[in-house]
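Peer 1: For the protein sequence lines, the chains are A and B, in the order given. Using this note's numbering, the first residue of the first sequence is number 1, and each one after it goes up by one. Using this note's numbering, the first residue of the second sequence is number 1001, and each one after it goes up by one.
Among the hints, a few may not be true.
List of simulated lysine-lysine pairs, DSSO-like, C-alpha gap at most 30 angstroms [what the hints assert, rightly or not]: (1) A:Lys-173 x A:Lys-57; (2) B:Lys-1258 x A:Lys-199; (3) A:Lys-205 x A:Lys-68; (4) B:Lys-1063 x B:Lys-1187; (5) A:Lys-42 x A:Lys-68; (6) B:Lys-1434 x B:Lys-1087; (7) B:Lys-1187 x A:Lys-57; (8) B:Lys-1097 x B:Lys-1365; (9) B:Lys-1087 x A:Lys-173.
Think of the hints as simulated: they come from the structure by calculation, not from any bench.
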Amino acid sequence: MTADADRFASKVSDFSLRGLEGLAEEYIPPPLGSFTPDGSWKQTYAMFVLVPKGALKVGEFSLERKVKGSTDFMLGVAVRRRGNSGFSLFQRAEIQCNLDELATPVSWLFDTKLAREANDPPYLQSGRRRSASVRNSVMMVRDRLRTTRIELDGAYSNEWSLLEAMQRLPGEKTRNMHYTLIDEFDTPQPAHTLTFRDKVSVPLKNGPATLTGYYDLGTAAVPTTYWVDENHRLTFVCSGLTVYALNMTNGHPGQCPDRFSSSESEGPQDSGKENW
Amino acid sequence: MPEDSLNEPQHTTVVPPPEQANSAVSRRNFLKAGATIGGLSLLNHPSVAAAMNAAPEAAKGKKPNIVFIISDQLNIDAIAHFSSHYKDPAYGCHWVKTPHMDRLAQEGFSFIESHSADPVCSPSRSCMFTGRMAIETGVVMINIGIDEHVPNTGQWFEQHTDYRRVYCGKWHMGGHWNYPDVSGSRKAPGFDTLPVGGSDMGIYTDPQVSNSAASFIANDHGDTPYFLVASLMNPHDICYWTTELVGERVTPGEDIYKLGDELPILPPNFHYEFKEPYGEEPYRGFHGDTQWRNYTYDYYRMVEDIDEHIGRIMDAVRERNDDTIVIFTSDHGEGLGRHQRVEKWHPYQSSLKVPLIIWSPKRVKAGILDTEHMSSGVDITPTLCDYAGIEPPPLQRGLSLRPIVDIEGAGSKNWRTSIYSEWQITGRLVRTRKYKYAMRYQYSGNFEKPFVRKSDGSHTQFVSSHGEDFAEYPNALLFDLEKDPWELNNLAENIDYASVVAEHRHILRQWEATLIPGQHFDRN
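Required output: the full structure, derived from the provided sequences and hints.
Peer 2: Written out as structure tokens, the structure is:
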């Protein structure tokens, strides 16, 4: 990506914020409470997927940050992606992260399963637990039978610890960061670039909010924008058909609808093909 | 991390014993009857019912596990490893990083001349899972269930093997739903379900598919082999990049990413000049070349995303290091600006060609990019049955690929010389080694039963001789794919090619005469 963000900032902002249309009108962020970016906190997010008539809430996840030492911290991740028949995909992880710009993950334990509820047993052999660690640019992913060795090139992060990192970045002073994104805890996707993008005012239900955006481009992901509020809370993530919205901070809920529609989208229209 | 129930006993799939019913009607005689008589009435003929329930040749010995991975809307040229074949820089292989599909191809057997049997999601899938053409399964458009008289591979395996059959991901052949439930009217017939879904968007559902399928594979210790389908949704999400569907909310309006030379170039056939069959026209929703290139850029990121999911599943397969067959394909391709098209539906190569890779270190030749054998989606079912050691269901339109790909395969001296595909419900095409001929019948307007009945309501085969409902639209297509791989020169009206057109129409008519139209059966 070129470094001329300022030249196209306004148009970029307009485009990336389209995913939030409809949501913003109904959305009230959670109260700040005792949140500080580098302290211990727990954030919960709603996961939306844009569909032709608007957006649906299809899951949720939480991030729980625990201060550990002066150079690292622990990040707990719990994800629920709702599926069919009342089942969901549950993913959990405990990640040890370095206290740096990318919240670089050093080691993590993660599991996945399909189940009706978080404490139910896995359905149909769908449960699995693995661990991973990185030493000297080598990621080792361990299953009960095998260890996989994957070499990393340079800086790296993963999709979840990156969400924590956003809340500590210095806004427009953020330098462009080139890194490898470890997706779904086990797969490195190279050639990502994270950069400051813009500062915008977004009208929310309880008044306008000033949001600072960071922009990510790279392998295997359509462009993603992370928006943090004036208190450095990651509030929205927009990426193609996906929107994440902060709906709870340290147990204090905001107001986030289960579905929303866009003023620009009034449902599917003829695609140019006969409607088959 | 707190201990959870992951260590508790896992569910197991209960599979009824294979049926041992016998039939007085041999499959050979049955197929002969189907080929020479045709007609919908055969489906209700006692011989058909008997053959449907007949026990094929008993499976002998230990059979391989089978993993069938499906992507949705993946162009064959969007796999980096195929750059040695697709050398033009406009092909997708030059714009993506796909290490996992590359490895699958390096270790497996890739069919380069691989075709969708009907380049739309539901019809194509019905062909893959039955070995019949879409007009026979009844799934001539999306959101229709497979004709209840036509068994899918799950049902067939259930009847005739001891395979445990598990489905995970997009099904789209049960009516107005895409992802099967574990039970009830929205269950995929013949399969147990790893229930995923929540939306019809791959970005959300594919992680569920790959994690669940990989976990199933890693955990399995069954006494009988499994047949697992991992059906990924992407890069189908690109459908929602077209402005008509979601306003301009998702699709960039200009070079929003400022990627410059990183934006893929437009294909050589972006501009073209020839008359097209009815219903075929360029997409008009984008404004300028850059928006097309942004669309293409995002599509390739989705391709890279499913590459990750395929890698996760394949890691679990490799970890087992046992006797497992992996078949990987897509239901259809993506227009991606070729002939200024988006999505699928079209008779062009962009919609029609799909990747098809068969992998098994213990059984299948490695590292082959086969350009000799033309294959079709209807070959999937007979191939699956071949590996399972059973005869396929009656009236198969495809062929087992096993003689071609197996290390000790018998070869293919008499392999087919043409491929037949359907498109846009009334479109038909035939592909030979050198040419592709495509035409389209007129649409009768009777949507419910447009192709299985004459205007008087009686059953009919869908051929042009059956009345005005099936007259042809003008503007057929004929391309010389050897000289014109980008399909820029339509030769259908060129008098020098009249004999080629006649020959291909004859092939097409012969093929159509064998088909037995199905009845639409919308399960929900």
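Peer 1: Against the earlier hints, flag every one the structure doesn't satisfy and list their numbers going up.
Peer 2: 1, 3, 9
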